[in-house]
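Chemist: Sequence:
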Amino acid sequence: MSERNTKALSCFLGFLIFSIIVLIIVSVGNFYVLNKIIKSNANTLTEQKIPVEKDITEANQTVEENKILEDGFMVLKSDDKIVRVGLESGSVESLFPDGYELLGFHSYNNDSKYFFLKQGADIFKFNYENQQLEKIDIIIHDYVEILPSADQDFKFIISDYSKSIEAIGMFDSFVLNQSYLYDARINETQEISGFESLGCKIFDSKNKKVYSWNCGEGVVGALPIKEFNFTGQELKIHELRDQINDSSEFQIFKNNNQVFVFNKTINKIFVANLLEDNFELTEYFFSDDAWTEFEALNVGNVYSIVIDYSQNKLFFGLKDGLLIMNFVNNEIKDSMLEKEENLYGNFIFIYDQAVYFKKNVREVNGEITSQIFKFDLNTKNKKLVASLKSSEEITILH
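In terms of full-length UniProt numbering, the sequence shown opens at residue 1 and continues consecutively.
Take these hints with a grain of salt, some might be off.
Stated by the list, open to error - PhoX-like mimics (lysine-lysine), calculated; alpha carbons at most 20 Å apart, straight line:
no., residue 1, residue 2
1, K226, K201
2, K380, K77
3, K209, K226
4, K81, K118
5, K236, K206
6, K206, K226
7, K125, K135
8, K77, K118
9, K236, K264
10, K226, K236
11, K313, K264
12, K333, K359
13, K268, K339
14, K313, K382
15, K163, K206
16, K163, K208
17, K125, K113
18, K77, K389
19, K339, K313
20, K163, K125
21, K264, K208
22, K333, K268
23, K81, K380
24, K333, K380
25, K313, K374
26, K319, K339
27, K359, K380
28, K135, K118
29, K236, K208
30, K206, K268
31, K208, K135
32, K118, K163
33, K226, K319
34, K313, K333
35, K236, K113
Bear in mind the hints are in silico, worked out from the structure with no lab data behind them.
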């Protein structure tokens, strides 16, 4: 072999050996890098278990919260906070975010999932089911009234008022600025005209009507019921005396879309559903024995009336107790009085074969405590569900 060929072979072998060494180094490096990646991914997967466990905890909390919603709850104002009280457990939980004022609608049996909050001159819709807060595109002033629909749980009338210079006795008076029809599903407002407000109102959103009548403690001249449209036009006056055929003065109590026409000296109770076309009064009359029992009770003022058609019972909230009357085919057969001194029963709610009522108690230190009771209609047992300091009812939901 020539010297030239020997040098060429040596160069080739040197290059081959160098390439093999480089290949080995690269392979080792790739293995090291790949191993680091695998370990890094393994660590990442291990770290991701914590959020998963957190999600499980949050899911459990959601299940417990949903259980409260399914079991029913009431909403109360206590110590300037709005709280949710479980009807079964009596558990008390804060409902709204801090920094907002509740604009209340005192409709005890309203099933709507929406509440209205105020912050400065802004008003917000709050959905308690998904905890979403959404601003409504209107400006509010000194006082806002929220009137929920009796037949569509997403429709409301929002009325904005300013304080008047003139006061009525010890109370401030207000002047209406503007009323709005509000659809909570799409967060949309529509200006409407005001209408004469006689005190109590029922809003029929499907037919675009509002019913209004005189009400309040001690008001006996409640009739007639007036019917208005959204332009403020008085459509009709429902005197109802033609159906009652009695010239006596009557009180009217409302519960959802129903009204109860009552005079404690007359042995009949009249019930009407205001959402029915040309609504008519249904008469419930006392049997002779039941009327004798009722007169003997000397019930005094009646603060509220509720009917439960599923169990054929009428409930009267009284000053010192709850009167429960059983009826068959519109005839009131008998009654029982669940005594509770100083009840002033203007807060009655029927839920799952039980009746709930609220009693305010003045403590020795002068503070007011609201006690929520449950009376089981099957066992006839009464229990204290919750006791809250300085509370007022806002609404009940279930």
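Chemist: State the violated hints by number, sorted upward, taking the hints as numbered earlier in the document.
Modeler: 2, 9, 12, 13, 15, 16, 20, 21, 23, 30, 31, 33 and 35
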